[in-house]
Structures are given as structure tokens and as C-alpha cells.
Amino acid sequence: MANASIIEDASPTEGGKKRVSLGFQLFLSLANIVIWLAIIPIQQLLLPSQIAQIDAANKEAGLSLILFATGITGVIAQPIIGAISDRTTFRLGPRRTWLAIGVVIVSLLLVLQSFATSIAVLAIEVAVYGFAMGMLLAPILTIIPDRIPVSQRATVSAFVGLAQPVGIVIGSILIAQVIRSVQGSYYAIAGLLFVVIALFVLLDREKPLSKEELPPFSLKTFLNTFFSPLRTADFVFTWCGRFLATLSQIILVTFMLYYLKDIIHYEKLFPGQASEQGVAMFQVINTVSVVISTIITGFLSDKVQRRKPFVIAAGLIMTVALALIALIPTWTMVLVVAVLFGIGFGIFLSSDIALATQVLPEGQDVQKGQNLGKDLGLISVANVLPQVLVPLFSFLAFSVFHSYTALFIMAAVAAVLSAVFIIPIKKVR
Numbered sequence: 045m046a047n048a049s050i051i052e053d054a055s056p057t058e059g060g061k062k063r064v065s066l067g068f069q070l071f072l073s074l075a076n077i078v079i080w081l082a083i084i085p086i087q088q089l090l091l092p093s094q095i096a097q098i099d100a101a102n103k104e105a106g107l108s109l110i111l112f113a114t115g116i117t118g119v120i121a122q123p124i125i126g127a128i129s130d131r132t133t134f135r136l137g138p139r140r141t142w143l144a145i146g147v148v149i150v151s152l153l154l155v156l157q158s159f160a161t162s163i164a165v166l167a168i169e170v171a172v173y174g175f176a177m178g179m180l181l182a183p184i185l186t187i188i189p190d191r192i193p194v195s196q197r198a199t200v201s202a203f204v205g206l207a208q209p210v211g212i213v214i215g216s217i218l219i220a221q222v223i224r225s226v227q228g229s230y231y232a233i234a235g236l237l238f239v240v241i242a243l244f245v246l247l248d249r250e251k252p253l254s255k256e257e258l259p260p261f262s263l264k265t266f267l268n269t270f271f272s273p274l275r276t277a278d279f280v281f282t283w284c285g286r287f288l289a290t291l292s293q294i295i296l297v298t299f300m301l302y303y304l305k306d307i308i309h310y311e312k313l314f315p316g317q318a319s320e321q322g323v324a325m326f327q328v329i330n331t332v333s334v335v336i337s338t339i340i341t342g343f344l345s346d347k348v349q350r351r352k353p354f355v356i357a358a359g360l361i362m363t364v365a366l367a368l369i370a371l372i373p374t375w376t377m378v379l380v381v382a383v384l385f386g387i388g389f390g391i392f393l394s395s396d397i398a399l400a401t402q403v404l405p406e407g408q409d410v411q412k413g414q415n416l417g418k419d420l421g422l423i424s425v426a427n428v429l430p431q432v433l434v435p436l437f438s439f440l441a442f443s444v445f446h447s448y449t450a451l452f453i454m455a456a457v458a459a460v461l462s463a464v465f466i467i468p469i470k471k472v473r
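In this note's numbering, the protein residues as written are 45 to 473.
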């Protein structure tokens with residue numbers, strides 16, 4: 045059966061796509077969880093701790109360099125891997141093939157990173173890891189427009205959107221509360237990632253592409269059409285909104301460990317506790333807020349078949365949260381922001397992926413040899429490019445303004461602009 049899933053669903057097709065079962069949605073979400081578990085907790089906890097052990101005096105600069113390295117390679121990887129997967133004809137299918145390749149490479153790289161003893165070596169390893177992670181992110185995101193009918197996309201987007209905060213909190217607890225070792229944490233994350241993605245690849249069923257279904261490859265046509273979606277205004281507005289919202293979130297979480305140590309003085313405030321435990325608490329509270337708001341607004345978005353009002357509201361709520369932490373540097377406010385930003389980001393996650401899949405150029409269908417993976421790869425760049433810009437914002441905040449307040453104000457500006465860019469979109473309500 046074409047597109048048979050992990051758990052069969054006998055629901056009728058809609059627009060040529062079969063309605064997917066709850067089991068498929070949950071397994072897809074689990075696969076996304078372990079992918080994000082291998083991204084943000086590493087950037088937020090493992091890399092800062094590892095860099096501080098290697099060069100404590102220059103830890104902020106070292107972290108910015110590392111994030112720049114992985115951001116650049118991630119930006120390059122996702123549209124390229126997406127485009128290649130659109131033309132992959134192996135028996136596993138166009139997306140599962142790259143998930144299988146990617147999980148092997150990423151798992152090995154995580155083990156290698158645990159042995160790094162210099163910033164230069166770590167930067168090189170993390171740069172390669174950033175490219176390899178594109179082999180997971182590009183195909184996993186493309187599964188939604190590949191196989192999910194429009195009427196289910198906000199609900200499925202909510203499940204998939206929850207993967208990021210849930211992956212972050214699981215990773216944070218694993219690193220800060222359970223293992224408490226940089227090397228051991230790398231091993232655990234590599235193991236979890238490999239097992240879950242391998243199971244997804246083995247248990248899912250994806251219709252493979254045949255060479256006869258694909259038009260002849262032309263390098264000239266490929267290059268001419270690679271950035272063609274950027275000529276569509278709605279696509280550009282959606283991309284900018286996602287980029288700015290993600291930028292605000294990455295700025296908040298990337299420097300949270302150093303913020304708790306150097307500004308909140310968490311370890312003096314709570315003797316006997318490490319700042320990493322404070323980060324884990326922030327993530328738990330934040331994730332609960334994200335889960336609740338994502339589930340509620342994902343259901344509502346599908347119910348009313350509207351996306352824009354939810355994404356706009358999300359940007360405004362995140363703006364308020366970031367303004368509060370910028371102006372009131374207390375542990376109590378950190379907890380308030382964990383709740384408020386979680387609500388806003390949860391609303392964003394529930395509708396933004398659905399919105400993004402609906403502004404793709406007309407006729408995008410991988411089974412017709414179209415450019416779904418490549419175009420979703422371009423959308424995914426908006427998730428990765430903010431990492432490249434973190435060094436710029438950290439330089440302005442710490443070298444020019446010498447202030448975390450300035451850093452969070454910049455994040456607040458990005459959040460409000462994310463809402464502004466959604467307003468002109470015409471194709472989606």
C-alpha cells in the first residue's frame with residue numbers, strides 16, 4: 045500500500061493524502077523529540093560546560109564561535125539534503141534513506157565531540173555535526189507536506205512542534221540531574237538518537253520513488269529553481285517570521301546557563317545546587333507551558349482553519365516575556381518568563397509549521413518529482429541561521445553594551461517583528 049504508516053489508518057484520503065493515525069503522529073513526534081534532544085540541550089548545557097572547562101576566560105567568545113560553525117554548515121546542509129532527497133530512489137524511500145544515513149553519522153560525531161580538548165577541534169567537529177544534522181532535520185520536516193492532509197496539519201504540527209521543548213527538557217534533565225558528566229551525556233544522547241530514529245526507519249513505510257517518476261536532472265534547471273520560492277512573497281514573509289521567532293528563542297536559551305551563573309548568581313542563591321539545575325528547572329516549567337498551549341491552539345487552529353492570528357499572537361506574547369527578563373533580572377522573573385515565553389512559543393509551534401507548508405509554491409509533490417524537500421529545507425534554514433547570528437548579538441550585548449539587558453531587548457525586537465511579518469501573508473488566513 046502506498047504510504048503505509050507505522051500504524052495503519054483506514055480513514056479516507058483527502059486531496060490524495062491519507063489521513064494519518066494517532067500512532068503515526070506520536071511516533072513522528074518521538075523521532076522529532078530525539079533529534080531536538082541532540083541539538084538544543086547540547087548547545088545550551090554540554091557545549092557551554094565543555095567550553096568553560098577548555099577555556100573559562102573566553103567562554104562566551106568560544107561558545108559564539110562554536111554556534112557560528114554549526115549554524116553555517118546547517119544553513120548549507122538543509123536545502124541541499126532536501127533537494128537530494130527529492131530525487132533519492134533507494135528502496136527505503138526518499139526521506140527514510142537520509143534519516144538512516146544521518147543518524148549513523150550524527151551518533152558517531154556526538155561520541156567524537158566528547159573527546160575534544162581544544163576549541164579549534166571542537167569547532168571542526170561541531171561544524172561537521174551541524175551538516176550531518178541537516179540529514180535528519182530536512183527529511184523529518186518534509187514528511188508533513190509529503191503525507192499529511194491540510195485538515196490535519198495544525199494538529200500534526202502541534203505534535204511535532206512539541207518535540208522541540210520536550211526534547212529540550214528531557215535533555216536538560218538527563219544532562220543536569222541524571223548523568224552530570226559531559227562525556228556520559230554525549231554517549232546517552234547518541235544512544236537515544238540512534239535507537240529511536242533506527243526504529244522509525246525500520247517500522248515506517250514510505251513509497252520509494254522510481255526513476256521513471258522523476259524528470260531528467262538538469263544542473264541549470266536545478267540552480268535556476270533552487271531559490272525560486274523566494275520569489276513568492278508569502279513564502280518570504282513566512283520565512284522571515286519563522287527566522288525572527290526562532291532567533292528570539294535561541295538568544296533566550298543559549299545564554300541561560302551563563303545568565304543564571306553571572307547575573308542571577310544561582311549557586312549563591314541556592315547553595316549546593318549547580319546552575320545547570322536551574323536551567324533544567326527553567327526548561328521543565330517552560331515545556332509544561334509549551335505543551336499546554338500547543339495542544340490547545342493546535343486543535344483550535346485546525347478547528348477554525350486559521351493560522352495567522354495564532355502566529356501573530358505568539359510573537360506578541362514572546363515579546364512581552366523577553367522585555368520582562370530584560371528589565372527585571374531576578375530568579376522569580378526567570379520563572380515567570382519560563383511560563384509566559386512557553387505559552388507564546390507553544391502557540392507559535394502549533395501553527396507555524398502548518399502555515400509554512402501551505403505557502404509552498406503550487407503543485408509541490410514529491411511523488412511528481414517536485415521540490416518539496418528542497419523548499420522545506422529553505423524553510424528549515426530559518427531555524428538554523430539564527431545560530432550564525434548569535435555571535436553578532438552576543439558581541440553587541442557583551443562588547444558594546446556590556447549587558448544581558450541589551451541581549452534580551454534585541455530578542456524582544458526580533459519577536460515583535462516575527463508577528464509583523466505574518467500580517468501581509470495572503471495565501472493563508
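The hints are simulated quantities; they were obtained by calculation from the structure and are not laboratory data. The beta carbon of each residue, even a glycine, is placed where N, CA and C say it ideally should be. Watch out, some of these pointers could steer you wrong.
What the hints assert, rightly or not - Label-pair ranges, simulated between beta-carbon atoms:
no. : residue 1 : residue 2 : range
1   : ALA450    : LYS312    : 35 to 45 Å
2   : LYS471    : PRO315    : 54 to 64 Å
3   : ALA242    : SER195    : 45 to 55 Å
4   : LEU243    : THR133    : 18 to 28 Å
Unchecked claim - Cross-link-like lysine to aspartate or glutamate pairs, in silico, DMTMM-like; alpha carbons within 20 Å at most:
no. : residue 1 : residue 2
5   : LYS305    : GLU169
6   : LYS470    : ASP278
7   : LYS305    : ASP99
8   : LYS471    : ASP278
9   : LYS352    : ASP278
* Asked: Given the hinted pair LYS471 and ASP278, is their alpha-carbon gap at most 20 Å?
  -> Status holds; Cα separation ~7 Å.
* Asked: Does GLU169 lie within 20 Å of LYS305 when you go C-alpha to C-alpha?
  -> 27 Å, violated
* Asked: Straight-line Cα separation of LYS305 and ASP99 no greater than 20 Å?
  -> Roughly 16 Å between the alpha carbons, so the hint for LYS305 and ASP99 holds.
* Given a hinted range of 35 to 45 Å, is it respected by the beta-carbon distance of ALA450 and LYS312? -> 24 Å, violated
* To do: Can you let me know if the beta-carbon spacing of ALA242 and SER195 is within 45 to 55 Å?
  => Taking Cβ atoms as reference, ALA242 and SER195 lie about 31 Å apart, which means the hint is violated.
* To do: Could you check the hint for me, namely that LYS471 and PRO315 are 54 to 64 Å apart, CB to CB?
  => Given a distance of about 56 Å, which is inside 54 to 64 Å, the answer is holds.
* Is the straight-line distance between the alpha-carbon of LYS470 and that of ASP278 20 Å or less? -> 7 Å, holds
* Consistency of beta-carbon spacing, THR133 to LEU243, with hint 18 to 28 Å -> Check passed, 24 Å falls within 18 to 28 Å.
* To do: Decide if the proposed pair is consistent with the structure: LYS352 and ASP278, CA atoms, cutoff 20 Å inclusive.
  => 12 Å, holds
Of the numbered hints listed earlier, those contradicted by the structure are 1, 3 and 5.
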